[in-house]
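Listed in order, the protein sequences are those of chains A and B. To convert a position in the first sequence, counted from 1, into my numbering, add 980. To convert a position in the second sequence, counted from 1, into my numbering, add 1206.
A couple of the hints might just be wrong.
Said to hold, decoys possible - Estimated spans, in silico, between C-beta atoms of each pair: (1) A/Glu1159 <-> B/Val1533: 52 to 60 Å; (2) B/Leu1539 <-> A/Arg1120: 39 to 47 Å; (3) A/Gln1210 <-> B/Ala1384: 48 to 56 Å; (4) B/Val1486 <-> A/Asp1046: 33 to 41 Å.
Stated by the list, open to error - Coverage of chain A stretches by chain B, computed from C-beta distances (three or more under 8 Å per stretch; other residues unrestricted): (5) 981–993; (6) 1159–1166.
Hints are computed from structural coordinates only; laboratory data are not their basis. Beta carbons are placed, not taken as given, at the ideal position from N, Cα and C, and that holds for glycine.
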Amino acid sequence: MTVLAVEHLAKSWGGVQAVAGVSFSLAAGEVLALIGPNGAGKSTCFNMLNGQVRPDSGRVLLAGRDITGMAPRHVFRLGVGRTFQITATFGAMSVRENVQVALLSQARGLGGLWRPMAGQKAAEAEALLDRVGMLEQAARPCGVLAYGDLKRVELAVALANTPRLLLMDEPTAGMAPAERIALMALTARLAKEGGIGVLFTEHDMDVVFAHADRIIVLDRGQLIAEGAPQEVRADPRVREVYLGTGATAGGH
Amino acid sequence: MDDLVVQALSGLASASSLFLVASGLTVIFGVTRVVNFAHGSLYMLGAYVAWSLVTHGVFAFAGPFWQFWGGILGAAVVTAAIGAVIEVLLLRRIYRAPELFQLLATFGVVLVVQDVALWAWGAQDLLGPRAPMLRGAVRILGLRFPLYELFLIAVGPLVLAGLWLLFHRTRFGVLVRAATADREMVAALGVNQALLFTGVFALGAGLAGLGGALQLPRESVNLHMDLSTITEAFVVVVVGGLGSLTGAFLAALLIGELSAFGILILPKITLVLVFLVMAVVLVVRPYGLLGRAPQGLHASSGPPDPLLLPAPRALRQLGAVVLALLVGSAWVLPDYELSVLTEILVALLFAASLHFIMGPGGLASFGHAAYFGAGAYAAALLVQHAAAPMWAGMLLAPFAAGLLGLVFGWFCVRLSGVYAAMLTLAFAQIAWSTAFQWVEVTGGDNGILGVWPDAWAQPKPVFYLLALVLCVGGAMLLRRIVWAPFGAALRAGRDSPLRAEAIGIDTFRTRWMAFAISAAFAGVAGSVFAYAKGSVFPTYLGISRSVDALLMVLLGGVQTLSGPLLGAVALTGLQEQLMRGTDHWRLLLGATIILLVVFFPQGLAGAARAAWEKRA
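Excised from the complex, chain B in its bound form (with noise of 0.2 Å):
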């Protein structure tokens, strides 16, 4: 009973830092619409900056009390500047492009300030000092207590307090508030959107700042916080409705406490529960505990998307040169040449498989690599368990994604935007840590080997061969079924769901079974990948490969069909070379995708699209 009472305040104070983080999230999103995926690297500068400056002891001439306070506010300070010059320089001119995109530019600051934050603060962990005044503990019910924990539990509602009095209590903050309900209204009206755009992120990275400084005398600072904490601020941010800060509090406490507890009561499944919380919630309220549905959200996101337009002559010969130099190839180049290029044709499939849900279906999926890994998965443990020949494997693979695609979209369609992004994140989550829990059945963390091409498709060029048929052909045939008549219904109701339904599409049934569709190719990528490489890890399923074939389609471009065909070549060989050549490969990979959003917001494909109409 006693340590059930310490575990609930500790569950209190992890409530509180993931509130603070969670608030400038959330805030950052009700009047922007911006999903700030670099919030987290904010968090951790603000830890960094915070520690540099209290272990130098920048405010130590006013004493030891204000060498730690001045540092943690200080931080705070700093890291609200930083995200004014990110909003500034880069932000301010992709308001107008779709969400997703607003998204990915972030993801490239994510990447950058990862290289950045190893460059001046390299790879160690660092300990910062404890808070003066609040070093010790308190007996709880005769249980030792951290003071800090204590502290920081009152910091949570203090925060909520203070940020409800600027909103209701300041122009600025009734501004704030305006624009969150109808920003068109607040700009018709004649305020400074730029201006009041900049304060709002400014104060959204603050927060963040202030939340990674508050962490320092808790647990050492270092390169992996910003992913581990946006994932999980996301959560709370989805959870609590978007763009809602009561809402937000509520959910940091549940998550808080949940995980808190999760440990005592359900440790095989800790992982997961979170997820599992979070799918249950937006499957019940669809817009989070208090969100609102989006009004008008994507009616502002700039130019309606053109025509899809059959490839032009051209275009379609390289297509055909392209492919007979990869038919080619198998005959002139060495087996490692062939390893990298079977790859970037699973890549290419995988990217393909996402991007049909995404461009005509229009709903993004954040886990895709759910359905590459039941692919892989399904393929390795028949090998395993049945030793079954490949055919069978592969055979295997697109029926077990398509179906995990069923039961997951299910949930899935019946949401839009950034909700139905974070329920297919959710599921991919759910699905990882089942591959990484579930140690009897998948292994865990060793994965399954052996999963290795019968004897006729082992030789490196046969295997190629294979790769190039199943994943160009599967790309072929996605293509395909757009320009049928079911890709036509699945665009109609993406389009207008009011006029489909009205002329007799059922479009919820349309999308379900486009997204197993999806699933389905996905996992035949995976498939090919898992023979390819001779093992499975939970890795295929993990989220960096989700955000890869993001990466991959929106690089390459939504709007065009051939888009992510090479929005896959681009990032696989960029990542390939610049991972070969360079130390700095975040650093120059994440300056290149904020480079392209902000030059070619329509993709790589899109412009040159664009460059072919505006010649011919």
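Bound conformation, chain A alone (with noise of 0.2 Å):
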């Protein structure tokens, strides 16, 4: 079943031309990276699928539903979670709060004025947080963790919503590379068991090539290649955009 299809999406900053008609699909329990060099047009192109950036023109559809354009808190109500390239948590309240206000979220408690949220969907926030491996950190403020840290509890705050899209941003960036490949390994396991279409870019070749079910690669606001990973690395344009610039394994 795609869970995600995107169709000739594009989008220019002034003159500049960021994405180009770009399109794709992601199927349930699928991990799709995307990858390009910078300014390739990746975040741009992240940015327009939860509905931060309105493309130039373009469709978005989320398990056949037309999402163009929709505020990232609707997008939301429809399965969507997302971590940011720079982390975005809430830095004044605990790892179980944060995660806490995510599931309220999604249970439409929010406007609860008389009952404190310290009894509300504790337990499930700690479920969440043990699945990323942060429960011993969950009183902890997130305005203190490290940045390896926040990465997981954005995951953990992504999947408050039982998603069946994740959007990952950079998700390992700032990690230890053993942790990085955990998280990813985590991440898969989470897609395949509740069949969520994960989409993410990522810098990491190695996290990449070992955790992706399939690639596509963007280079100046265009799809250059899209396949199996062994098929994108054997890809002569690849290798001439991409990995044949240096950029090799574990680099940045």
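Hints given; two lone chains; assemble the complex.
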């Protein structure tokens, strides 16, 4: 089943065509990597998918439903979780509270004025934190966490609405190599178990080739290759724009 | 027609004066990111120093021309030096503190300068001499127009040109522009920031001093110049766009002309006109005419907020003991003490309501008195026109204030930081001048009298207990909301709007509702105050009441829930004691505020919490 279908998506900033007619699709349970050199249009492409940036043209379909240009908070309601390139969490709230807010938002329970939040969805929040390995730090404020830990909190928050689509912008940046593999292995497992479609961008080729089912390559706003990791690795155009420029495995 | 031309010219002259003050303010903000509340005080000092230099003939040896102009320029230099001293002694210590704390510190300076000026120059208005060579008037279209005003018209563009040259042709100026654009980068490039900041502050102070000194032949020098000037200068700077010189110039022209013609065309709403324009500009262009959206303004402003923690057991027990003592007081204390306590209780709820939108909401309201006043007037008008009983007035108050909060808040919560603060101030001024100028309904300056409680609540102890229930109950309810999911959503939107929207939170709606809730509780405080005093006046909605609330919240500490309560008690108590005990209460209060800001940048409750956690 197709979770996400992107059709001829385009966006220009001023005179620069950041994304020029990109189309691809993503199936349930599939882990798709979006790669490309710096400035290829990955982030713009990403931000158009959850409504943060309105595309100039093209369509974004979530399980067949047109969500083009819909505001991020409405896209969330339709089952899209996302993590950010530069982590965005609530710094003056505890790790547990961060997840609780997302869970309550999903359950439309954020209007409550009387019952303290502490007792609501706490067990569910801790279950999610346990899955990403952050349970021990549940009481710490996000403002003091290490960057790699923040990435994990973001994953837990993104999973709070039991998404069918997970968008992860550089999910492992700032983590130690061993942690990266572990986090992406976890993500891939969650995707398979829950039938979640995962789209992620990544600079670390080890992570990409180890965990992506399929890879799409963007260069100067255009899709230049698409396929299984082995095919993409062998593609001469990809080697030329990307791998052949010195950006070898493990590099940034 | 002819008098319109003259009116336009005098508008231009005021615009020049406005620009001198505003340019200094905007340059200081651009580089140091400090909103200098004391800028009006520097302006006032410039005028006083010029008066002394000129009338005592310090430069008389160089002839009558230099006796005057030497005095004017000397005043600018002296003010610049005072500015440098303030920067080195005070501001340098608090650059890392949150924006609002710097504002609080500079407000302390305002209070200190007021008392120092009173002590040095006395309370009476001082009249300066006329300017040599510019004493006469010229005939323009058959009407007399003072020469000095023409001179002032030229000063504005001259200063703008001078500043432009300074900023584009000198190394200092290039650094100033660079620091305005990105001060971290400038520091990273090895520029001596301390020197640069002192220089900029001195420059800004000197411009304010010059502006004040140049008023000498125009109007009397008095102790009210500081606050009236700072309000206008804020409006100009915000309308023009913070940090933009050209913007400040355009805004000064706009405001100067508007005030000049407003008197002719719309005399009924002169007081409100300037603020109406500011509100319109901010709604249409949220960062002023030529301002740009602040980038990374908050990112570097200090460590992240600490976690909101439930009160420790000991604090809860202390609270229970205090509450028991407060209840017991009704049977023990005499009437006068009970009415003082009632006032403190009102202040407590008022501060808690402001804290709700300021702390968890992250939106500093500089006009919270509007909702306090709305509650008070709602009750008073109901009594006056419908002879309604007290419960009806007290019931109406939160709805009236909340409704006003819904209307004003819809505009205000779209903005953030200083711009939001200024828009709330503008709306509060609009509310204030409505109460002041709509005499038929509100009684204007005379207020509404005879707003007494129902017979059963007339005895002081009974009314005190009622106030205790309403105010403490209200504050506890607000506290409850902060811990509830709605409060969490509000804090979430403050911490990261990006993340909040990505998990389905409508951050605008959440803040808007929070603003209305906060306004409604301020309205409750206002209605209790109205019945306690038996009357309402426009001052209930005035700037100084808004500032009082801000002081309470900041003194107590924004980051803790008990902070504003402590701040309310501290400030009300301090004012009461100082006003009774000394003539120089402003000096002492100002100095206290400055010391608190420097030594307890997290507020009283924050400092207490830090000490408690260290002990544990």
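Structure versus earlier hints - violations, ascending order: Failing hints, ascending: 5, 6.
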